[in-house]
Amino acid sequence: MEVLYFAWVRERIGLPKERVETGAATVAELVEELRAREDRYAMAFSDLGALRVAVDQELADFDAPLDGVREVAFFPPMTGG
Amino acid sequence: MEVLYFAWVRERIGLPKERVETGAATVAELVEELRAREDRYAMAFSDLGALRVAVDQELADFDAPLDGVREVAFFPPMTGG
Amino acid sequence: MGAPRIRIVVQQAPFDFGAEADRFAAGRTDLGAVVTFTGVVRDADGDLQRMEIEHYPGMTEKALEAIAQEAATRWSLGEVLVIHRHGPLQAGERIMMVATAARHRKAAFEAADFLMDYLKSRAPFWKKEHGADGAGWVAARDEDEAALRRW
Amino acid sequence: MGAPRIRIVVQQAPFDFGAEADRFAAGRTDLGAVVTFTGVVRDADGDLQRMEIEHYPGMTEKALEAIAQEAATRWSLGEVLVIHRHGPLQAGERIMMVATAARHRKAAFEAADFLMDYLKSRAPFWKKEHGADGAGWVAARDEDEAALRRW
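Chains as they are written, first to last, in the numbering used here: chain A, 62 to 142; chain B, 62 to 142; chain C, 277 to 427; chain D, 277 to 427.
Among these hints, one or two may not hold up.
Here are the simulated DSSO-like pairs of lysine-lysine, each with C-alpha atoms no more than 27 Å apart in a straight line [said to hold, decoys possible]:
#: 1; chain 1: D; residue 1: 404; chain 2: C; residue 2: 382
#: 2; chain 1: B; residue 1: 78; chain 2: C; residue 2: 404
#: 3; chain 1: A; residue 1: 78; chain 2: D; residue 2: 382
#: 4; chain 1: C; residue 1: 338; chain 2: D; residue 2: 338
#: 5; chain 1: C; residue 1: 338; chain 2: D; residue 2: 404
#: 6; chain 1: C; residue 1: 338; chain 2: C; residue 2: 404
#: 7; chain 1: C; residue 1: 382; chain 2: B; residue 2: 78
#: 8; chain 1: D; residue 1: 338; chain 2: D; residue 2: 404
#: 9; chain 1: D; residue 1: 404; chain 2: C; residue 2: 404
#: 10; chain 1: C; residue 1: 404; chain 2: D; residue 2: 338
#: 11; chain 1: D; residue 1: 404; chain 2: A; residue 2: 78
Examples of chain C residues lying across from chain D (beta carbon under 8 Å, computed) [as the list claims (entries may be wrong)]:
#: 12; residue: 298
#: 13; residue: 314
#: 14; residue: 411
Read the hints as simulated data drawn from the structure, not as lab findings.
Just so it is clear, the structure is predicted and the values come from calculations on it, not from any experiment.
Using N, Cα and C, we set each Cβ at its ideal position, and we do this for glycine too.
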């Protein structure tokens, strides 16, 4: 699965995207796995209320299932316009 | 005093403006004088609810005083934009 | 942000919407939001030969200026533009435009909406449609008068 | 009036606002009302060196298309245009524009307002301001999220 990071999530983790092999059933489980990796991940995911997630390029909730998903993205609230 | 007519008021009366010598104290009194002149005036002023008036180029009511006024205009509700 | 720059244009000739839009508030670094509204001659039934717009020279300019000043009193605006044509127009031609520039989008949107509501019912223009079956004055709509009560 | 013509553009290069405004819905005789909104890089404190806009290629286009389709479901629109830039921008530069064309002004105004509310909080763009004292991500505003609840 491709995992993408944008804005300050990207800056904290230090990369824009990476390939992640995971058995996580939901976004929340994926977040737990990532958090456990290193401090920079723990920092990026310290406050889920400040984060948004997209699953296969659609906005989703943290309890969204990951079955068959190719791409998950984490980012702060959007500031378009 | 100059009296101006616009849109269908102008068409009914048959002229865009005219000089009127009047002792009318208010717009309503001026309307009464004009109505008494000829049928075309009576027709143009038959329904005051369908008319608007401007006194010296400002929208006004029919009871507006005419003392010192140089220009009165009668027209239907406006349709700008 | 102080008094806005207000520009009012009343003319028979077409105006260059693209050029007006392009230069309106151009390069201002204090205004984050620009809204334009453009009114176009519609031909709903496909039989409009032309529209004639009559106006009240002298009062028109004063009324538009007053409407723009009123908008500037209610919202913090950097620039305001109103252009309105009169005379004969064809279907598809641009009749008029308003533009507002403000710090934030809410003020720019509301002020443009307000300008249009006032301009519809309080600026001395009258439209006559000439069609295959004759000509008729466009009637004011009750909802246009009602729209004024929002503000 | 059937499905509207929808055009979505996401690009780094500047866009020609005047030319886009001029050709949007040009010559249509069934659309009486055109609204445009343009967002401009503000430099409130006079110390902005540049703004960087990051986006999510692929999702951005889909999100903008979905927002435009949603507007077309809620209002009867003839044409919809959304242009949004990314990359580095200077103060005073135009970031984005939306345009809506409808029979009457209420639909055109409301749809443009709606598009902006959704675009602010639901399209994957993030702004970073670079100033004399360093750089910082622009925070989403609670009022932007609240604005969505109007619709």
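Results of checking the hints against the structure:
Between residue 404 of chain D and residue 382 of chain C the CA atoms are separated by roughly 22 Å; this keeps the pair inside 27 Å, and the hint holds. Straight-line distance between C-alpha atoms of residue 78 of chain B and residue 404 of chain C comes to about 19 Å, which keeps the hinted pair within the 27 Å bound. At most 27 Å may separate the alpha-carbon atoms for a hinted pair to count; residue 78 of chain A and residue 382 of chain D exceed this at roughly 44 Å. As the CA atoms of residue 338 of chain C and residue 338 of chain D are separated by approximately 47 Å, the hinted pair breaks the 27 Å bound.
Taking the CA atoms of residue 338 of chain C and residue 404 of chain D, the gap is about 44 Å. The hint is violated against a cut of 27 Å. Of the pairs offered as hints, the one joining residue 338 of chain C and residue 404 of chain C holds, with about 23 Å between alpha carbons and a cut-off of 27 Å not exceeded. Among the hinted pairs, residue 382 of chain C with residue 78 of chain B is inconsistent with the structure: their alpha-carbon atoms are about 44 Å apart, more than 27 Å. Our distance criterion of 27 Å between C-alpha atoms is met by residue 338 of chain D and residue 404 of chain D, whose separation comes to about 23 Å.
Proposed proximity of residue 404 of chain D and residue 404 of chain C is contradicted: the alpha carbons are some 52 Å apart, above 27 Å. For the given pair, residue 404 of chain C sits about 44 Å from residue 338 of chain D by alpha-carbon distance, which is inconsistent with the 27 Å threshold. Note on residue 404 of chain D and residue 78 of chain A: the hinted pairing holds, with a Cα-Cα distance of about 19 Å set against a maximum of 27 Å. Of the supplied interface hints, the one on residue 298 of chain C holds, with its beta-carbon coming within about 3 Å of a beta-carbon of chain D, less than 8 Å.
Contact between residue 314 of chain C and chain D, as hinted, is supported at the beta carbon level, the nearest pair being about 4 Å apart and thus within 8 Å. Residue-level restraint check for residue 411 of chain C is violated (minimum Cβ-Cβ distance to chain D is 18 Å; threshold 8 Å).
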